[in-house]
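Trainee: Taken in sequence, the protein lines are chains Z, A and E. Note that our numbering has the first sequence beginning at 1, numbered continuously upward. Note that our numbering has the second sequence beginning at 1, numbered continuously upward. Note that our numbering has the third sequence beginning at 1, numbered continuously upward.
Because the hints were derived from the structure by calculation, they are not lab data. Treat each hint with caution, since some may be false.
[Claimed, not checked] Below, in silico cross-link-like pairs of lysine to aspartate or glutamate (DMTMM-like), each with a Cα-Cα straight-line distance of 25 Å or less:
(1) A:Lys115 <-> A:Glu127
(2) Z:Lys194 <-> A:Glu82
(3) Z:Lys200 <-> A:Asp152
(4) E:Lys7 <-> A:Asp152
(5) A:Lys123 <-> A:Glu170
(6) A:Lys26 <-> A:Asp249
(7) E:Lys7 <-> A:Asp74
[Claimed, not checked] Per the computed footprint, the stretches of chain A lying under chain Z, defined by three or more beta-carbons under 8 Å from a beta-carbon of chain Z, are:
(8) 46–52
(9) 99–107
(10) 214–220
Yeah, the Cβ is synthetic: ideal placement off N, Cα and C, and Gly gets one too.
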Amino acid sequence: MDISVNPPVSNPTLLGSAGVRARRSTDRLATVVLWGMAISIIVMLACFVLYLLVLGVQYMTPDFIFGLPKEGEAGGGIGPEIFNSFYILVLTLVMTVPIAVSAGVYIQEYARPGRFRGLVQFSAEALATVPSIVMGLFGLLIFVYFFHLRFSAIVGAMTLTILNLPALMRVTQEALRTVPDSLREASMSIGATKWQTITKAVLPSAIGPMTTGIVLIAGRIFGETAALIYTAGLSVTTNSPYDFSLGHPAETLAVHLWYTRSESTVPDVARIGNGSALVLLFMVLLFNIAARVLGRTLTKRLTGKSS
Amino acid sequence: MIAADPKTKLKAADVDVFYGSFQAIKNANLAMSEKTVTALIGPSGCGKSTFLRALNRMHDLTPGARVEGMITLDGMNIYAPEADPVVIRHRIGMVFQRPNPFPKTIFENVVYGPKIHGESNKKRLDEIAEKSLRQAALWDEVKDRLTRSALDLSGGQQQRLCIARVLAVEPEVILMDEPASALDPIATSKIEDLIGELKRQYTVVIVTHSMQQAARISEFTAFFHLGEIVEFGTTSDIFTRPKEKRTEDYITGRFG
Amino acid sequence: MIATQAKRAHAQERIATTVLRMAAGFVILAMALLLIYLATEGLKLFVVDHFSVFAFLFSGDYQPDTHPGAAIYIVGSLSVTLFAICIGGPFGIAVGIFLSELAPLRMSQILKPAIDVMVGIPSVVYGWLGLQLLVPLIRNTTGSPGFGLLAAGIVLSIMILPTVITLSEDAFRSLSPTLKEGSLALGATRWQTIVRVLLPSASSGLTVALILGIARAVGETLAVQLVIGNASQFPHGLLNPTSTLPTEIVQDLGGAAQGSMLEHALFSMAFLLLLIAMSLILIVRFALRKRA
Chain Z
1 MDISVNPPVS NPTLLGSAGV RARRSTDRLA TVVLWGMAIS IIVMLACFVL
51 YLLVLGVQYM TPDFIFGLPK EGEAGGGIGP EIFNSFYILV LTLVMTVPIA
101 VSAGVYIQEY ARPGRFRGLV QFSAEALATV PSIVMGLFGL LIFVYFFHLR
151 FSAIVGAMTL TILNLPALMR VTQEALRTVP DSLREASMSI GATKWQTITK
201 AVLPSAIGPM TTGIVLIAGR IFGETAALIY TAGLSVTTNS PYDFSLGHPA
251 ETLAVHLWYT RSESTVPDVA RIGNGSALVL LFMVLLFNIA ARVLGRTLTK
301 RLTGKSS
Chain A
1 MIAADPKTKL KAADVDVFYG SFQAIKNANL AMSEKTVTAL IGPSGCGKST
51 FLRALNRMHD LTPGARVEGM ITLDGMNIYA PEADPVVIRH RIGMVFQRPN
101 PFPKTIFENV VYGPKIHGES NKKRLDEIAE KSLRQAALWD EVKDRLTRSA
151 LDLSGGQQQR LCIARVLAVE PEVILMDEPA SALDPIATSK IEDLIGELKR
201 QYTVVIVTHS MQQAARISEF TAFFHLGEIV EFGTTSDIFT RPKEKRTEDY
251 ITGRFG
Chain E
1 MIATQAKRAH AQERIATTVL RMAAGFVILA MALLLIYLAT EGLKLFVVDH
51 FSVFAFLFSG DYQPDTHPGA AIYIVGSLSV TLFAICIGGP FGIAVGIFLS
101 ELAPLRMSQI LKPAIDVMVG IPSVVYGWLG LQLLVPLIRN TTGSPGFGLL
151 AAGIVLSIMI LPTVITLSED AFRSLSPTLK EGSLALGATR WQTIVRVLLP
201 SASSGLTVAL ILGIARAVGE TLAVQLVIGN ASQFPHGLLN PTSTLPTEIV
251 QDLGGAAQGS MLEHALFSMA FLLLLIAMSL ILIVRFALRK RA
């Protein structure tokens, strides 16, 4: 909506004073600046993507993606790291989704305002503020020091579960909020219990936003680093690209990228770094697109083509 | 047209409904006879819907709402502590003002109730769906697209689907809260015809803001004003020989 | 028959509700345990090793095993966060204004997904890009090694942008449209309206956006660690390597012996980080409640 109308020149009283002209040129300047800032973000992002693409795509060989890392010499791959990223992702989701969705449903649909509900909401908000490095240290303290578990995928997953609980709870609550009350009324008025209403009418209706939210969180889990360094560990088993055991250290791709630059001893750091960064970026984009597409498809399927 | 001595199916005795400290319904007494249509009329905001929702314990779902007095179904108090609202809502169904089908297929909508109540036999469910949709005068229009989304239907069709959904659980009483007010005249007359058929089997209580509609379809009418039942009687009595001045004023259009 | 089946449904619901309640309780438990464990471990430095709190917070003398004064890292964290919010804050709010007031639909459709992608990019990748692109750039233009506050600050600014942008946009969108209409109807230009009417009206929402941006910046570890140089010295200017609380933790925890003073010191730093982050959010919460 453009409100800066150009007055007809033939009517001089509408041209306005120098003051008005100054205001209008400030307005134009500001508009240009804001547009510039917005475009610069897109350009910057494009540069990042292009840089990683151009420099990393040459390393995308099966050897690299599925191969084993090497210590001290060039030519290592990131196979086990990619596997660990997925493995930890699945383990985390398996634990977080039931707990977070249950808690979210309870808070949104059942709990009456009171101390318990307030405490749960406060705890969720507080947990959400914990920096991931601190969460990693908590994981270290409780799982490794106290329970004497070893650095492993399961310890990493348990730590990430706690880290992502608040986000998934919020996703659940917002998804439930999108379901109108008339739906709940329709179900209750046929003689369904609240639980039946939630499981058979409300949750199925909220499946679109829930899926989008879960997939986006999955993307974040895939890229998580700080919380995993001291819980899932910094090494991988070096004789196979996959390792399901829950007792061995399970370095993920994101941690590997950091480790390669910070600590490790291989000479082809740029290759491993750029390659890993590209794979990570690619996975993030994939999760992002999948979240959007899945969410939209599921919602459309529910509401029919008229929506 | 009305049985000589109609049996009372649903009865309200000295019913008050409160929202917090606000009293929405005062001292309501009403006997609704079985297999008849009882219309609740009155100006907007006078409590007709509030009273209706007390009849199937929908106020249980509203925090701060309180129902006092006695409402009995076949003589049994539905607000007794041992009464189960789930059972009550099974026997007393409700159709809402705006159609509210679930975002599921037409079939899934109709069989939602029976499935909730434990029916899982596919053949039985198909039979129930067909029977209910026929009763709701919707079968011919949807029989070839049962697996399509219910939200694709027109407003009038959606409302008939909601009626079918209620019929599928085989209630004894059907409460209707201005079921046609969101529909066009053609859809409205279809719903009215449907109600004429339904009363042969079910007890119907309908809230309506249209006096013409009440006169067309009901045997008994109750006039609500400011939360009270001002007058109750046969529909013809209410509309031709109202006893109370307020009733007469409303009927002749002097207010509301 | 109706009654028996209803009874079964009620029994199911009772079990389900108990399970749900337990899940909700788990959240409280996790929070409590986290606080307890971190506080316990974090206070060992003072209770077991008898190191003074004052020295920890204000002494710049960092001897890992005897006198871990953490002021260097505290100052580092504060500096880099300040830098990030001074650059990323206004930039983010500006783009938030752009999205809610100026952007045509086509532009929103490109920019918003771009921001979503930015949120999703893992912090290591930002750090890596900073390392590969930004540090050499700084090195070439200034002759310094390239690591330090400038690099870390820029990387952090970029990372908090999505948070600030989205929250700012929300803040502007939640304003009543009559505010804007009233100002325009009086002959104000769009920019004047934004500066004189919209910005002040959205100030509480914008404050939240900034505080959440700060919270994000304070806790960021790896992106910063890759570009800040990790030297245990105060940040003298923008171009000298330094460290922050999170980077020091991640740098030295691996080498710290369990039970050593260094380890205790690192956990104290973690506990400090936790307190800072939590208090920021509590401030937001109470500020919101006061406005509401």
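Trainee: A separate judgement is required for each hint: does it hold in the structure or not?
Mentor: Here is what the structure says about each hint:
no., hint, in the structure
1, A:Lys115 <-> A:Glu127, "13 Å, holds"
2, Z:Lys194 <-> A:Glu82, "18 Å, holds"
3, Z:Lys200 <-> A:Asp152, "20 Å, holds"
4, E:Lys7 <-> A:Asp152, "36 Å, violated"
5, A:Lys123 <-> A:Glu170, "17 Å, holds"
6, A:Lys26 <-> A:Asp249, "21 Å, holds"
7, E:Lys7 <-> A:Asp74, "21 Å, holds"
8, 46–52, "violated (count 0)"
9, 99–107, "holds (count 5)"
10, 214–220, "violated (count 0)"
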